[in-house]
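We have chain A; now place chain B onto it with these hints.
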Amino acid sequence: MIEVNALTKRYGGTTAVDNLSFTVRPGQVTGFLGPNGAGKSTTLRMILGLDAPSGGTATVGGVPFRSHPRGLRHVGALLDAHQVHGGRSAVAHLSALARSNGITRRRVDEVLQEVGLSEVARRRIGGFSLGMKQRLGIATALLGDPPVLMFDEPINGMDPEGVLWVRNLFRRLAAEGRTVFLSSHLMTEMENTADQLVVIGRGRLIAAESLRSFAARSTRLSVLVSTPQAAELTAVLTAAGANVEPEGSAGSEKLAVTGLPAERIGVLALDNRIVLHELTTRTASLEEAFMELTAASVEYLAGQAR
Amino acid sequence: MSTYAAVTPPAPVVEPPARFRDLLGAEWIKMWSLRSTGWMLALAALFALGTAALAALGDYHNFPRYPPQVQREHMFALGDAFPLEGYLTLMLVAASVGAITMVSEYGSGLIRTTTVAVPARGSVLLAKAVVVTAVWTVAGAFIATGTFVVSQSILDLRDAAVSVTDPSVFRALVASALLAPICALIGLGFGVLIRHAAATVITSIFVLLMLPLFFASDSRWSATLDQAMLLTAWQRLTVDWVPTGPDVRIATITESWIVYAVWPLVATLVALVVVRRRDV
Numbered sequence: 001m002i003e004v005n006a007l008t009k010r011y012g013g014t015t016a017v018d019n020l021s022f023t024v025r026p027g028q029v030t031g032f033l034g035p036n037g038a039g040k041s042t043t044l045r046m047i048l049g050l051d052a053p054s055g056g057t058a059t060v061g062g063v064p065f066r067s068h069p070r071g072l073r074h075v076g077a078l079l080d081a082h083q084v085h086g087g088r089s090a091v092a093h094l095s096a097l098a099r100s101n102g103i104t105r106r107r108v109d110e111v112l113q114e115v116g117l118s119e120v121a122r123r124r125i126g127g128f129s130l131g132m133k134q135r136l137g138i139a140t141a142l143l144g145d146p147p148v149l150m151f152d153e154p155i156n157g158m159d160p161e162g163v164l165w166v167r168n169l170f171r172r173l174a175a176e177g178r179t180v181f182l183s184s185h186l187m188t189e190m191e192n193t194a195d196q197l198v199v200i201g202r203g204r205l206i207a208a209e210s211l212r213s214f215a216a217r218s219t220r221l222s223v224l225v226s227t228p229q230a231a232e233l234t235a236v237l238t239a240a241g242a243n244v245e246p247e248g249s250a251g252s253e254k255l256a257v258t259g260l261p262a263e264r265i266g267v268l269a270l271d272n273r274i275v276l277h278e279l280t281t282r283t284a285s286l287e288e289a290f291m292e293l294t295a296a297s298v299e300y301l302a303g304q305a306r
Numbered sequence: 001m002s003t004y005a006a007v008t009p010p011a012p013v014v015e016p017p018a019r020f021r022d023l024l025g026a027e028w029i030k031m032w033s034l035r036s037t038g039w040m041l042a043l044a045a046l047f048a049l050g051t052a053a054l055a056a057l058g059d060y061h062n063f064p065r066y067p068p069q070v071q072r073e074h075m076f077a078l079g080d081a082f083p084l085e086g087y088l089t090l091m092l093v094a095a096s097v098g099a100i101t102m103v104s105e106y107g108s109g110l111i112r113t114t115t116v117a118v119p120a121r122g123s124v125l126l127a128k129a130v131v132v133t134a135v136w137t138v139a140g141a142f143i144a145t146g147t148f149v150v151s152q153s154i155l156d157l158r159d160a161a162v163s164v165t166d167p168s169v170f171r172a173l174v175a176s177a178l179l180a181p182i183c184a185l186i187g188l189g190f191g192v193l194i195r196h197a198a199a200t201v202i203t204s205i206f207v208l209l210m211l212p213l214f215f216a217s218d219s220r221w222s223a224t225l226d227q228a229m230l231l232t233a234w235q236r237l238t239v240d241w242v243p244t245g246p247d248v249r250i251a252t253i254t255e256s257w258i259v260y261a262v263w264p265l266v267a268t269l270v271a272l273v274v275v276r277r278r279d280v
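So the sequence lines, in the order shown, correspond to chains A and B. Numbering-wise (our numbering), the first sequence opens with residue 1 and increments by one. Numbering-wise (our numbering), the second sequence opens with residue 1 and increments by one.
The shape of chain A in the complex, shown without the other chains:
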């Protein structure tokens, strides 16, 4: 369990994190979303006791993380895959970290196996691709078999196989009763992985709720229409008061229609003898909900005296 209460971080005149409060519960994957510069990484650093907050508190399992003399058995974290020394081998890097926490050498081999780096364990990290470094960072987080795991943008640089693997890993860790806190600006990734969301913008909390209710917040419901007579249908629908935007590539063009329900579009098409290949009601994607809500937050903040 991670509890953040009125957390604030100021750098000179800028407020990176502003009175932020949320709770991350065990047994679920919680996504931490926000545009670039929203304060996600700063928040993670404060939770991990790396940066001291200007105000408020952050606790992990009820106590400030910094109060533990050794950390790996309490929290596993991947903040930035580049935070390693390129001159060391993967096995040396992990062995030093394991040793500092009294973790056996056998566990190092286990986590290397788990993330699929056993083959390259003795190679210098400097020659690793970003995806391999991400795997090494995940291995580091798993070393202490901790109840709380935090990952900052873990998918960056991973190949599709890696993304699938990591997604299943997060789900499994959560199913084991662990707290999994996952920061990302890749909305689609959250859609596939997270149960809960904490969304921030400009250092402020925008939403802390389930993925489902967050997506439902979006006011935009659109209908996707596929037709060989796109131009004619566009004219008809626009005349009926709808907003039509073309989608897809030439040859398989689709229209995203807002302002008219699917049944009305079907009737209009029939009346005008237009062939439809597809007619789908689309609930707002997480991405759309996110854009809408963060945009609102930005406007709101811009109007405020800072």
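Simulated from the structure, these hints should not be mistaken for laboratory data. Mixed in with the good hints there might be a few duds.
As the list claims (entries may be wrong) - To give an idea of the chain A side of the interface with chain B (calculated C-beta under 10 angstroms), a few residues: (1) 45; (2) 51; (3) 70; (4) 76; (5) 77; (6) 96; (7) 97; (8) 113; (9) 114; (10) 116; (11) 118; (12) 146; (13) 147.
Glycine is no exception: its CB is placed at the ideal position from the N, C-alpha and C atoms.
Okay, now just chain B, sitting in the frame of chain A:
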């Protein structure tokens, strides 16, 4: 906040007691898993031994032309054992390697990985200081013994060697052996304060090697500052003869040992305070 169906509460964390020995083990692995460590030590040793051999060979060849008094007293022998060129280089390498132990972690961001693994920042720094001191004390002792043995073996052919049983020779040997670990600790301290690799190495070298050149022993304040320099203290501890006179201000042996103790102690203490306060 809504409530959720109860999940199995995570089992309480079971962990062994936090032992400082484990941090030493971790820092030991870190130090020796970098190929540069061995190279730097070997190069510093070879260079120091080389300069001692060259200095001794120079005196060996010139010996027949020296005046009888110089031949009898052979005061150059101690200087050949611990030549300035070799030991300046050793200071430079030790300070840089000490600094790199710290700044390589800041530069790569590894320090954050380290600090998440061990939130007790002061303990990590102390472990680094202990490992750096241990490695450089062994290296320093090896190098000082080596430069002494190499130079005196050559001078012995002219019957101009000094003996380690002579107290001032033994003092010079100890002072030369301790020079490297002290410089490494000062470098480590600057590393914590400055964090930036190039700036740290430049500062360490400036303070240890350049600053002493700015002071003279002719005015009171300048002489006092000069005596507080590590290089000056080493030079004082490695000679068995000093000029005397009303205008000459030279530190005593005791004062020079105090300078030896104060530099690394202050560097480590300041670093310990700073590392706890600043964001990582």
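Comparing the hints with the structure gives:
1. Hint on residue 45 of chain A holds. Least Cβ distance to chain B is approximately 8 angstroms, under the 10 angstroms limit.
2. Interface restraint check: residue 51 of chain A against chain B, minimum CB-CB distance 4 angstroms, threshold 10 angstroms, status holds.
3. Contact between residue 70 of chain A and chain B, as hinted, is supported at the beta carbon level, the nearest pair being about 5 angstroms apart and thus within 10 angstroms.
4. The restraint placing residue 76 of chain A at the interface with chain B holds, with a minimum CB-CB distance near 8 angstroms, inside the 10 angstroms limit.
5. A hinted interface residue such as residue 77 of chain A counts as satisfied when its beta carbon comes closer than 10 angstroms to some beta carbon of chain B; here the least separation is about 5 angstroms, so the hint holds.
6. Look at residue 96 of chain A: its Cβ gets to within about 4 angstroms of chain B, closer than 10 angstroms, so that hint holds up.
7. For residue 97 of chain A, the interface hint holds, since its Cβ comes within 10 angstroms of a Cβ in chain B; the closest pair sits about 5 angstroms apart.
8. Hint on residue 113 of chain A is violated. Least Cβ distance to chain B is approximately 20 angstroms, over the 10 angstroms limit.
9. Given the 10 angstroms rule on beta carbons, the hint for residue 114 of chain A is violated: about 18 angstroms separates it from the nearest Cβ of chain B.
10. With a least beta-carbon distance of about 20 angstroms to chain B, the hint placing residue 116 of chain A at the interface is violated under the 10 angstroms criterion.
11. With a least beta-carbon distance of about 18 angstroms to chain B, the hint placing residue 118 of chain A at the interface is violated under the 10 angstroms criterion.
12. Because the closest C-beta pair between residue 146 of chain A and chain B is about 8 angstroms apart, less than 10 angstroms, the hint holds.
13. Among the interface hints, the one on residue 147 of chain A holds; its C-beta lies about 4 angstroms from the nearest C-beta in chain B, closer than the 10 angstroms criterion.
Checked against the numbered hints above, the structure violates hints 8, 9, 10, 11; every other hint is satisfied.
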